[in-house]
Amino acid sequence: MKVLVAVKRVIDYNVKIRVKPDNSDVDLTNVKMAMNPFCEIAVEEAVRLKEKGVASEIVAVTVGPKAAQEQLRTALALGADRAIHVQTDERVESLGAAKALAKVVEDEQPELTILGKQAIDTDNNQTGQMLAALTSRPQGTFASEVAVEDGKLKVTREIDGGLQTVELALPAIVTTDLRLNEPRYAKLPDIMKAKKKPLDTKTPEELGVEVGSKLKLVKVEPPAERQGGVKVGSVDELVDKLKNEAKVIS
Amino acid sequence: MSILVLAEHHDGQLAGATAHVVAAAQAIGGDIDVLVAGENVGAIAEAAARLDGVSKVRVADAAVYAHQLAEPMGELLAGLAGDYSHVLAAASTTGKNVLPRLAALKDVAQISEIIAVESADTFKRPIYAGNAIATVQSEDALKVITVRATAFDAVDETGGATVEAVEASVDNALSSFVGEELAESDRPELGAAKVVISGGRGMGSGENFKLLEGIADKLGAAIGASRAAVDAGFVPNDMQVGQTGKIVAPELYIAVGISGAIQHLAGMKDSKVIVAINKDEEAPIFQVADYGLVADLFEALPELEQKL
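Chains as they are written, first to last, in UniProt numbering: chain A, 1 to 250; chain B, 1 to 308.
Read the hints as simulated data drawn from the structure, not as lab findings.
Just so you know, not all the hints are guaranteed correct.
Here's a subset of chain A near chain B, in silico, CB distances under 10 Å, partners left out [said to hold, decoys possible]:
(1) S144
(2) V148
(3) T156
(4) E167
(5) K187
(6) L188
(7) D190
(8) M192
(9) A194
(10) S213
(11) D236
(12) N244
(13) E245
Where is the CB? At the ideal position from N, CA and C, for every residue including glycine.
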């Protein structure tokens with residue numbers, strides 16, 4: 001089967017972010033960028049499905065600025081066969097991204113589409129579900145296990161309180177949770193080979209979609225700072241402070 | 001304006017989060033209806049009707065909604081949404097699964113995990129693992145929103161709303177429920193507990209989490225864990241507190257053997273009082289802790305249990 005994997009370029013998860021002084025957004029100039037960690041898990045799962053002989057072709061796709069091609073090249077180095085870049089400089093929110101991806105799904109007709117459960121920049125957790133709705137496909141969100149059995153997809157999902165297993169008709173959409181797998185690193189020869197793999201660039205106009213958003217970002221502020229605390233010398237002192245100063249235990 | 005709140009329920013009981021979401025709906029203002037969807041949900045609907053501020057409880061009782069799968073739930077909500085200006089649900093795994101599907105079916109944006117209501121169309125929400133707070137304004141006619149339950153105080157249960165059935169059974173050929181594996185616990189629910197005690201990689205093993213139990217019993221606390229403790233296989237992942245696990249904001253949060261990575265802080269830094277017990281005095285957790293104890297947890301925990 002053909003597998004489509006969506007990846008996003010985001011700020012590296014180790015970077016401590018700064019809010020711009022004018023409160024218009026987070027400052028991303030000269031900041032290290034990387035593939036969103038949940039997207040790495042999505043790529044890994046697609047590659048493992050190919051290694052098992054379940055997937056025949058892996059297509060990586062991203063929606064974003066020109067620089068996002070770096071993340072597509074990473075996906076190609078990890079094992080994707082070719083890539084599609086929907087290039088735009090607009091601020092794309094989940095619905096816009098889902099609409100662009102829905103067009104790609106319509107063109108490519110993958111039986112399985114894998115996305116991360118959320119991007120660590122906007123923390124939305126929406127695009128996969130929206131893509132499923134727009135393409136009228138079932139969704140297996142927060143997946144910790146994926147298996148193809150008798151033409152159906154069995155997905156174990158991480159839910160509040162434990163795990164839930166659902167069976168989905170193919171074609172389907174899956175979003176990855178952390179425990180689905182441990183992503184591999186790209187090897188140097190594969191990084192070199194990835195430069196020769198095909199990468200198609202399209203614009204939202206060519207796809208006939210509006211990716212702009214009706215959601216306005218009014219301002220971005222740093223969170224309220226916590227007051228610096230104190231270090232206590234003993235368990236006795238800790239219990240005393242919690243009882244008499246903070247009054248959170250009795 | 002009228003608001004539809006999707007009730008959260010598990011095992012035949014209305015989840016505590018629903019009362020918090022109704023509070024967020026009150027902050028927006030307008031008539032508030034609650035939708036209870038599931039199979040045999042009569043008792044849940046009655047519990048929802050007691051929530052203050054609710055004018056009507058709408059009940060969709062059918063086998064197709066039994067496990068609140070996203071496909072039929074999205075369709076049900078899309079059918080009802082025409083009557084409302086806002087649809088709200090808790091930012092639980094159910095709310096997060098269903099609401100974006102509804103939003104896309106109605107061609108509107110979805111606003112995730114709000115922590116404050118500025119006005120009927122403007123909301124605050126954390127981004128970048130809680131390291132920035134965004135204020136967003138929606139120009140869509142229908143606002144589809146998930147609510148971080150811990151950011152709003154629960155409404156009381158002295159109301160008496162009317163309960164009516166919704167005639168809206170849909171077909172679902174796309175997905176089916178296979179099974180469930182739930183972790184058993186007699187302790188308070190992590191998301192709703194007033195006190196939470198969490199262990200990290202420093203606990204060393206799953207066996208050592210027993211050291212937290214005596215303290216949790218004395219304080220009526222829920223037990224949580226960091227991602228490191230979950231990844232090491234010490235405890236199941238539904239105990240995980242953090243950006244990718246549960247977000248908690250109890251009155252007292254005790255972090256034991258947890259270094260305090262950004263990912264973990266995102267899940268607990270809105271707690272009223274934070275206590276850190278760690279033998280590494282350079283651990284980042286001490287920068288957010290109100291009270292820090294630099295000590296070996298294997299000595300400090302038994303002593304703490306004894307002195308409480």
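Against the structure, the hints:
1. For S144(A), the interface hint holds, the least distance from its beta-carbon to any beta-carbon of chain B being 8 Å, beneath 10 Å.
2. Annotation: interface hint on V148(A) violated; nearest CB of chain B at approximately 14 Å, more than 10 Å.
3. Because the smallest distance between the Cβ of T156(A) and any Cβ of chain B comes to about 8 Å, under 10 Å, the interface hint for this residue holds.
4. The interface hint given for E167(A) holds, since its Cβ lies 5 Å from the closest Cβ of chain B, which is under the 10 Å cut-off.
5. For the restraint placing K187(A) at the interface with chain B, the shortest Cβ-Cβ distance is roughly 24 Å, beyond the 10 Å limit, so the hint is violated.
6. Interface restraint check: L188(A) against chain B, minimum CB-CB distance 28 Å, threshold 10 Å, status violated.
7. Because the smallest distance between the Cβ of D190(A) and any Cβ of chain B comes to about 26 Å, over 10 Å, the interface hint for this residue is violated.
8. Here the hint on M192(A) is broken, as its CB sits about 32 Å from the closest CB of chain B, past 10 Å.
9. Look at A194(A): its Cβ only gets to about 28 Å from chain B, farther than 10 Å, so that hint breaks.
10. The closest approach between the C-beta of S213(A) and any C-beta of chain B is roughly 6 Å, which is under the 10 Å cut-off, so the hint is satisfied.
11. The beta carbon of D236(A) comes within 7 Å of a beta carbon in chain B, closer than 10 Å, and the hint placing it at the interface holds.
12. Because the beta carbon of N244(A) sits about 12 Å from the nearest beta carbon in chain B, more than 10 Å, this interface hint is broken.
13. The closest approach between the C-beta of E245(A) and any C-beta of chain B is roughly 9 Å, which is under the 10 Å cut-off, so the hint is satisfied.
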